[in-house]
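Peer 1: Start from chain A and add chain B according to the hints.
Residue numbers (the numbering used here), protein chains in the order written: chain A, 18 to 653; chain B, 18 to 653.
Derived by calculation from the structure, the hints in this document are not laboratory data. Keep in mind that the hints are not guaranteed to be accurate.
The list treats identical chains as one, so a pair stands whether inside a single copy or across any two.
[Said to hold, decoys possible] Think about it this way: if two alpha-carbon atoms lie no more than 27 Å apart in a straight line, the pair counts; the simulated BS3-like pairs of lysine-lysine are:
id: 1; residue 1: 418; residue 2: 33
id: 2; residue 1: 530; residue 2: 513
id: 3; residue 1: 183; residue 2: 209
id: 4; residue 1: 502; residue 2: 591
id: 5; residue 1: 591; residue 2: 183
id: 6; residue 1: 356; residue 2: 367
id: 7; residue 1: 183; residue 2: 356
Predicted, not measured: the structure shown is a model, and the values here were computed from it.
Each chain is listed here by its residues.
Number of protein chains: 2
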Amino acid sequence: MKRNLYLSNTPLEEAKALYLQRVAPLIQPQPECIPVIEALGRITTSPIYARCCSPLFNAAAMDGIAVRSADTAAARETAPLSLKRGEDFLVVDTGDPIRPPYDAVIMAEDVTNVDQEHVQITASAAAWQHIRPIGEDIVAGEMLLPRRSVIRPIDIGVLLSGGISKIDVSPAPSVAIIPTGTEIVEPDAELKEGDIIESNSRMFAAMVEELGGIPDRLPILADDYELLKACIQKAVQTHDMVIVNAGSSAGTEDFTVHILRELGEVIVHGVAIKPGKPVILAIVEGKPVIGLPGYPVSAYIGFREFVSPVLRLFTGAPSQDEGLEAEAVISKRLVSSLKHQEYVRVKVGKVGEKLVAAPLARGAGAAMSLVRADGFCIIPRNSEGLEAGEGVQLQLYRSLKEIENTLVAIGSHDLIMDVLADLLPEHFPGVHLSSTHVGSTAGLMALARQEAHLTPTHLLDAATGEYNAPYLRKLFPDTPMVLVKGVERIQGLIVKPGNPLNLQTVQDLCRCKYVNRQRGAGTRVLLDYLLQKEDISPQQIDGYAREAATHMAVAAAVQAGGADCGMGVLSAAKALGLDFIPIAPEEYDFAMPAAYLELPMMQAFLEVLRSQEFKDRLEELGGYGYQRCGEIIPIQ
Amino acid sequence: MKRNLYLSNTPLEEAKALYLQRVAPLIQPQPECIPVIEALGRITTSPIYARCCSPLFNAAAMDGIAVRSADTAAARETAPLSLKRGEDFLVVDTGDPIRPPYDAVIMAEDVTNVDQEHVQITASAAAWQHIRPIGEDIVAGEMLLPRRSVIRPIDIGVLLSGGISKIDVSPAPSVAIIPTGTEIVEPDAELKEGDIIESNSRMFAAMVEELGGIPDRLPILADDYELLKACIQKAVQTHDMVIVNAGSSAGTEDFTVHILRELGEVIVHGVAIKPGKPVILAIVEGKPVIGLPGYPVSAYIGFREFVSPVLRLFTGAPSQDEGLEAEAVISKRLVSSLKHQEYVRVKVGKVGEKLVAAPLARGAGAAMSLVRADGFCIIPRNSEGLEAGEGVQLQLYRSLKEIENTLVAIGSHDLIMDVLADLLPEHFPGVHLSSTHVGSTAGLMALARQEAHLTPTHLLDAATGEYNAPYLRKLFPDTPMVLVKGVERIQGLIVKPGNPLNLQTVQDLCRCKYVNRQRGAGTRVLLDYLLQKEDISPQQIDGYAREAATHMAVAAAVQAGGADCGMGVLSAAKALGLDFIPIAPEEYDFAMPAAYLELPMMQAFLEVLRSQEFKDRLEELGGYGYQRCGEIIPIQ
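Excised from the complex, chain A in its bound form (with noise of 0.2 Å):
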């Protein structure tokens, strides 16, 4: 099979209208006729017109007596006016019809009752008073909802008392998703190397129903052209629409380009975003038919751009939020290329009075970005990218108002920093901590600019022994500071189970594979502490350029990537089922300008790091002292 190499890199905008505007044609939806009962997220085909009044009658807006109002004019303080039931009135609940000849209600409180047959009035009624008139809230007629309303509880309500039992809505697309791949295995599979769980699909499903559509996900399909043909030719009988993921792109085995050459016509090839270049626009027997890539931001993001427009072609629904906009700072320089329409996923937190993004991992297979970000910076195409601290315009997913009630941590890795972000919102309803794993060092950089409330660190200074604080003291000379005491964790050599090299000290590094951390990581600085002491230069360590970016990347380079060892903590090498050489203890704490002390999210903050809780949760992780955890150091 021949390569595609030749992707076109249309820009985003013209793929979508070139597409759109073959689509929308295709696509005339009928209106099904529901129940209101059950219309609840549909969307509406018209408007739609109340059959009734809303109250049907003039109706008591109060509990009281129903009287002429033209009776009561006498009635004063000084001078109460006894009325007859039956005769002057009538006792009404609210939501009574008032009829002719009563015309006004007095409230009960006002009301004195003399005996069962009468009672007395102190005050005139105005006529009509606490009368709600028939069609007060509804007239019928009027218009309830305008087209493509999305039917929301309220709407219900409003449209049973406007006498609206049915309505027209748009019906439900029916969407085939077809995942494709040698290397793809469902997620309950027996694993093997090259293996790759299917999930893609899965989240294309998630968000088909997300968007009033009916996904229907069928059976992985196996790199193969006939095969893929047969299961295309008949989902656009079946479907309104198709997804075929992945083999989108110029691979040997990318074939979905080929195929929908030749069932229909391709429409675009390649549009100028990233992630998610690799997509095909086709329509196939007058149905579009999507390529997505396989990375699954890539997919993620070319379903955004593609899938959700021509879904809701099909159902009216009002074109898709964006997210809330916001001006924020950018965190760290970031590149982009010129041709591109970049997504770079971010964390955003509060610092002061601004709101600053943290780029996280850029990569197209990084689903986790998307999992934890706050929102999206968004670089056009023909800019070369953002200076640190620059302003931002983001699209977020969060409330300005959960993203002010953020801790945000930058620093030093440890898994204790997912302990405290599930129990701080525990403790403290509301209130978050967002973690970015960068290096002590670069997260002491990142507080220094006031990106971040605080910074985990343990950097060990060669001069003093001593931990943290002299780095505050040389990187922050003109803010008062605080070091709040973390925990003591045991820095040592993650090894694979058993330890077959025998891995018992740093000389020993000298003769295995050694997967390293970045610069700047507190874990490293130790390294080469203790290399210096030892005389031994990086040089002789196979492996010393080779970074991994945290604790856990280390663990599971050991386990199968390739490394024979690399330095890190216990409850890494422990989560990953594999053996631990303890070399050097460590003082992991946080740091911050004594400031943000007084912040009431700080206080929660230093609530937990106190509680019993998560002293039970560090012994369940193990290899953590916590004697001091929680103090307060002023440095000076």
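Peer 2: Frame of chain A, contents of chain B only:
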């Protein structure tokens, strides 16, 4: 049955705290274990950790060839290096595993095919280049989702990739909804005077569904103490929570509180909110039972404030999205009681640089105010209200972007405003028209205060016989204004079918029951002009003081509200099957500052006004002239 006149007036936060603190210990839901692929919208009960890495192995990040990086060191542009298939390289597609001894990938674009067995490269490859290391996206053991996460499509993808195919989620609580009231009937019933269509229970059911519960709407119960008691007794056995609606107030047939006291404990009866005061918060057999008021707005607010937080105790859902907060100015004076926290529904628009909130109908029965609202303006207890133009904090339910694309019309009412509101977004997606009906004069005042973009108006100048323009000259001496011509319509007498009283002229109003429009309405101005011409005094007309706010409300009063006649337009009479006696033609136009003509959304409005489709809709409605529709008249 005695009245329970005395509801308490417990402040909202106190009532909530009292009740939730009693209910919380009773709610101990057992997690439900479900397949991830069915978990959309469900809520996690514990943090979820990855079971495997993603990728599961070191994988090619590009289509190309896998090589040993050390072997490629000599390759140069000027000295291409030849590599042999199977020995020096393997062809790989994105996602293929990279096994030792291979440790780098060269992109297909950088490889030249020499023959079947050989390729050439012109640059060296760095170790680990274009390889996605094992665990790059997800490392086994890392936290994928904290507890209380609402599962989104992307979460489903990531959970599956992390080896999780089943998760624990909160169970969906079952909620019994008991509609009560001898006067309420099912929506499809044949309606007679005194009937109220039961709609609240269906709104509640949809609200329960949105919050992740399972609603069980029971049949309507007549107001009968023993029946209701038996029903509640059974419901608390079979459901997690019970809602009783209505009978929660203090009328003669409001049994609910007595029954709940007999069966269990009433924690609060009566909360200091408006609408929504007569809420009952009770516990029966360890189950939360809430009595909600019957007025739809009270019912809605009572549900939001009390049922929602109890449901969240079951589901663990994060606290309710209170909507986007925004600053606005209030368009008219709002007097509120010191005793209650009041929820005023508002329409919001952006006029010039400011957001303007126009209060909608405030009655507890005004369900349409909830349908039309863009948000709430909450007036706290102990506040007397707001002055026109005062700044207020809003909770918005639409995005600011949507609000910025909404043309705000405040002024006179005509059915064509509904038609324009329907057509505008059809022709210009994303552009909306919001109309508030306050009459012509009040509309022009709002325009002068820059709270609207345009005012539909039909004000006759008695001195000149000219419509609208004289008022603009007088009210806007310093602002260049324009009048966009709208429609000619006939004002006339709306009378019962067959015109039984044979009403033909303004003189005839002296011998019937009339229903008038509010002060400042163009129709009232016209009536006053006609009365003056005929030398008739308002005192001669029975009902001159009875006011209805719109043409449709006048028609409704004539249809079934005890009035014989009102003045209004043909379309309103037609909508309710009434007869119409033409009296005088008039001009219904749109006033606006000349500067607003430049707004793109105003251009869109003008285009719709001049469209054939709009004219077709006018023909359908009947009684309109549209020769000058869309013409622009500058006002000197």
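Peer 1: Does each hint fit the structure? Answer for all of them.
Peer 2: Hint by hint, here is what the structure shows:
no.	hint	verdict
1	418 with 33	between (34 Å within a copy, 22 Å between copies)
2	530 with 513	within (12 Å within a copy, 95 Å between copies)
3	183 with 209	between (53 Å within a copy, 20 Å between copies)
4	502 with 591	within (24 Å within a copy, 78 Å between copies)
5	591 with 183	between (59 Å within a copy, 23 Å between copies)
6	356 with 367	neither (32 Å within a copy, 37 Å between copies)
7	183 with 356	neither (51 Å within a copy, 41 Å between copies)
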